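Novice: Here are the chains, one letter per residue:
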Amino acid sequence: MLTVTHYTILSAILFAIGALTFLIRRNPLIMFMGIELMLNAVNLAFVAFARFLNNMEGQVFVFIVLTVAAAEVAVGLALVVAIFRARDNVDVDEIDALKG
Amino acid sequence: MSVPILTLLILFPLLAALITALLPRDNMRLIKGWAFVAVAIEFGLSLYMLANFVPNTSQMQFVEFYPWVPQFGISYHVGVDGLSFWLVILTTFLMLIAIPASFSEINVRVKEYFIFFLILESALLGVFVALDLFLFYVFWEFSLIPMALIIGIWGHEQRIYAAVKFILFTMAGSLLMLVAILVLYFATGARSFDLLELQKTIVPANLQPWLFAAFALAFAIKVPMFPVHTWLPDAHVQAPAAGSIILAGVLLKLGAYGFMRYNLTLFPDASQQFAPILVVLAIIGIIYGAMTAAVQKDLKALIAYSSVTHMGFIILGIFVFSQQALSGAILQMVNHGISTGALFLMVGLLYERRHTHLITEFGGLQKVIPVFGFFFLFVMFSSMGLPGLNGFVGEFLVLLGSWETNPAYAAVAAVGVILAAIYLLWAYQRVMQGPVTNEKNKTLPDLNRRELALLVVMAALIVLIGIFPDYLLNPMQASVTQLLHFDAVAGLVK
Amino acid sequence: MSQYLWLIPALPLIGAIINLLVGQRLPRALSSWLAVAFMAAAFGVSVSAVANLFALPPEERVIHETLFQWIGVGSFSVNFAFWLDPLSAVMILVVTGVGTLIHIYAVGYMEHDSDYARFFTQMNLFAFMMLVLVLADNYLFMFLGWEGVGLCSYLLIGFWYNRDNLSVGTDEKFLSPRSSGTKAFVVTRIGDFGFTLGVLLMFWTFGSLAFQDVFPKAQAMFQVGAPVITIMTLLLFLGATGKSAQVPLYVWLPDAMAGPTPVSALIHAATMVTAGVYMVARSHVLYSLAPTTMAVVAVIGVLTAFIAATIALVQNDLKRVLAYSTISQLGYMFFALGVGAYAAGIFHLVTHAFFKALLFMGAGAVMHVMNNLIDMRRLGGLRKIMPITFWTFLIGALALSGFPLFSGFFSKDEILADGFSRGSIVLWAVGVLVALMTAFYIFRGVILTFGGKPRWKEGEIISSGDENAHDEHGARGLHPHEVSAVMWVPLVILAFFSIFSGYIGLPHVLGENWLGNFLEPVFHETPIEISAALEWTLIAVSAIAALIGIFIAFRFYFSDPKIPARLRSYYPGLYSLLANKYWVDQIYEYTIARPGRWLANAFWLDVDGRIINGFADGLGRAFRGLAQRLRLLQGGYARGYALAMLIGIVVVIAIVVMRP
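Chains as they are written, first to last, in this note's numbering: chain A, 84 to 183; chain B, 767 to 1260; chain C, 27 to 686.
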């Protein structure tokens, strides 16, 4: 029997993988995948709790998160393209224009 | 009374700004012409209000009330009474002067310039007619942005410094006011931002001094009162002429108006407590501003310091709680708007001709431009309160009211009248009289028809208000009486 | 009775407006005579108004006209309203009468000046303001005229605004016209400060500013010596010292001579400077309730008369001699007011208006033909060249010095007699001494200007010392001649009045004091009780004083011209004190003007610049410094931020979870 605990643990594992991906990899595309993974980990938690608590609001939030994720990827990829055009390189360790 | 005249007054400049944005960028004549038509229509709207104003009541008139965020007691509530009535008309009138005054000075980013002016007009009118603290605060902050941009983009050499100083000084005050507004919302239990609702509640006595101080700081900076006045000379010196006209003519009045509308009615007890402090600061401002004005090297800085003096008279008039002084203070707001507006206009005309405000660059101009000289001296005498011209009536009523409260107030403040003669006449002497010392001044053109028309209108108003001040004083009497009533009740409580 | 009093001031105002708008486009003659015509019309209406007033029974002689309410707020209300009683009747006749003559004279005097329209605009405007001042029915409307004449005085003193100084043909440096104008306005404004406060106190004491309310209430509410009235009258008197050039505010009047001479005659001799005298006489009900103020007025008057007369002894500029003489004679008038002899003060005001206007216009005639040369050391011998000017000037001088049977004799005698019987013997003695000095300095002027041999050469080119002079006078050689009729006719008319105007106020022993009787319903003076013998004695003393003065002048400057130089070398200190006018200008400069400027600069540069802006800018700098350090935290690497966020989230969660 799968309980909500299982889902939570899975969600946490997915989130941790996503976070580590974001922190370790230098390719922005892979980093985006990490972000997506984190978002979907949260989505999983939302759906699980929505089912568990019999409250549809969690599912509503999932839709909002999906929408935001789509928008975010669009903006992010556009940024990556723009950076690539400007510097022929998308290694995030090379991008430090915002250094204080 | 079915015409929502106040909403029209607020919205029409925004609409006009929108239309300006759609005009072709290169057709400057069209943009300038349209901006003038827009402010003229706006002035016409305010005259409609003038014609339908009922003078003998302290009730709010032309009231419009629509819930905006009803959960938090925020509403779109506007109206005018005797306190704000003339200030609304002053605003639309000075815009009618300021727009054509910039026709020849402004030649870059013309479109944006007039858009900002129209937005500014809307915001200023909003401050004067708002009867909801939230709405008031929105307009208050909203008025800041176009003015800062006008200084910062179309100003002179040090414009960025001046604009930033203007923003920071004013924001520093108004943020505390925002906190005070929120405290007011929660502490009174009214759970409303509506001014008229809040006036019915009694603000707890232990809170009043704090809230009063927060409001007073915001308004004092705007007025500006000594010692928070130093943003004003910088802002004026750097602003374009029309910007100075509106800055001196209307923006400074926001502070004085705020004192009357909010401090006196919401915190009557604290007003009584704090009045001596404010009166003393106002009187220091009168003397200090006048003395400092006398040694200025820049004409615009001189007029800016003279504004500190005049605004000192207005604050003095507000905080001695007298029918005469308060009426005089309101009248003086209108007078100062016209006289100082005209002075800034004329200094702007000099700037267009010589690209400087420095007194030492001039000398002997009366020989070269006699018509200009006539109006310059005329307006100066209005500013120094010559009887028969407008400035005298306001100043005299303020002194009259102050004397009743404390003769010493009137006696010290009256010294400012002597000093006014010194700094203005001395400036006139150095700029307009004597031999023409600078070659560049020998060929200055005198007023053209547009400039003459603007000055004739202002000079006519200066004389008319000086001789028929009752026309302006009568409509404000009922509201002034009612305002003093708040104070009288507080006096009994104390 | 239909309302027409407003016409009296309105007529010159219309003239001023016409000349302001179109004057410069009109031919010179039209513009000038237009101004004269409006003055003459005002004089005509004044005469008819006074005739109407005269037709009333003595105790009802008041014509009161209200136009409309000027300011009304709460309990405060003042009207634009006119008040004609015997006192203002005398004043409007003097203002419009002498004013018209001076306007006519000015047509000739200003014939070479290209700015004629501006000149006549301002002259007519002055007449308007002065008439408002004397016809107003309340103190605030009076104040409008009061400040208005100050404005016109300012404008006309600085009429030649681009000249540097007017001491033509000498090395003496005077204040430029523009600085003199500013000085006059500012100094009189110090007096107006007192006037304003006096008016405020008056309103809160009586609840009104109208004469018809204030005076009865004052009599009903207050005993003699009430402190409120004393303070009120002292404040009003401060205004009078400014406008009427009394100690300590007299310093502006000598410099006011920088204006065109008709201005000196009209404003700074005949009319405006007497405004203070009029105002005190008008407020006699209040002053009579304040004996302390009365004593102050009398002492200030005598003190001023004395100081100004001593300075006049050594001035070289004829106009300045006349200016100090005016200050001195105004001192006499205040002396009269101060001892309660209001009618005597007004009497002297009237005669003085005639003979001092005459003297100024005579001096102006000399300037006109001598290419603006007015320094007496360079004049002389004009007696034969300008006979009409000489004889009329001589008549003026005799009247001023109080030569028996001339107008000044009667008026000055009345003041001294009143001063003796109601005041103190010390003040009277000083007054007699001043009369002696007056006779001396004016005959010094007559002899040096008109007598002896010329100290100038025919055809000599006088350097104007000022390349900015309006007209071309300075460049032409000297060809003095008698002035044209438009200038000498007014001189002759004024000379007539300088002789005969004294007969409207004869001393008791000689006949009827007609003027005193006319003014009696206003002042309700109790006649002085002195014996005929004493009165004759006083008359004799003042007559002898005048004669001695004239005699000394002849001795010093005619028969034995070496005496003045010898005296100067005997008493160099005294001479320097007088020649430098007691250093009063310098004292004011070092005690008031300079510290004021220093303080103003300290306010601007130190308080504003260093302290307030220093604090504001310092606050800005402090934040910027802090930000300079904090910005180092921004590495710029996206993954660095992500790590920081992660750590932050972990910490927050840990806190939330661990919370008990």
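Derived from the structure by calculation, the hints contain no laboratory data. Treat the numbers as computed from the prediction; the structure is a model and nothing was measured. Even glycine gets a Cβ: it sits at the ideal position worked out from N, Cα and C. Watch out, some of these pointers could steer you wrong.
Here are the computed distance ranges between Cβ atoms for each label pair [stated by the list, open to error]: (1) I618/C with T823/B: 44 to 52 Å; (2) Y814/B with E546/C: 55 to 63 Å; (3) I92/A with P975/B: 31 to 39 Å; (4) I673/C with P975/B: 28 to 36 Å; (5) P975/B with E155/A: 32 to 40 Å; (6) R685/C with I92/A: 51 to 59 Å; (7) R685/C with A157/A: 38 to 46 Å; (8) L948/B with E140/A: 42 to 50 Å; (9) T88/A with R685/C: 44 to 52 Å.
Novice: For each hint, tell me whether it holds in the structure or not.
Specialist: Okay, the hints, checked on the actual structure:
Against the hinted window of 44 to 52 Å, the Cβ-Cβ separation of I618/C and T823/B comes to about 51 Å, which satisfies the hint. Between Y814/B and E546/C the Cβ separation comes to about 60 Å, which falls inside the hinted range of 55 to 63 Å. The hinted range of 31 to 39 Å is not satisfied by I92/A and P975/B, whose Cβ atoms lie roughly 58 Å apart. A hinted range of 28 to 36 Å is violated for the C-beta pair I673/C and P975/B, which are about 45 Å apart.
Between P975/B and E155/A the CB atoms are about 50 Å apart, so this pair departs from the stated range of 32 to 40 Å. The hinted window of 51 to 59 Å between R685/C and I92/A is violated, with their beta carbons roughly 23 Å apart. Between R685/C and A157/A, the C-beta spacing of about 39 Å keeps the proposed range 38 to 46 Å intact. For L948/B paired with E140/A, a C-beta distance near 30 Å fails the hint of 42 to 50 Å.
Distance hint check for T88/A and R685/C: the Cβ-Cβ separation is about 22 Å, which falls outside the suggested range of 44 to 52 Å.
Against the hints set out earlier in the document, violations occur for numbers 3, 4, 5, 6, 8, 9.
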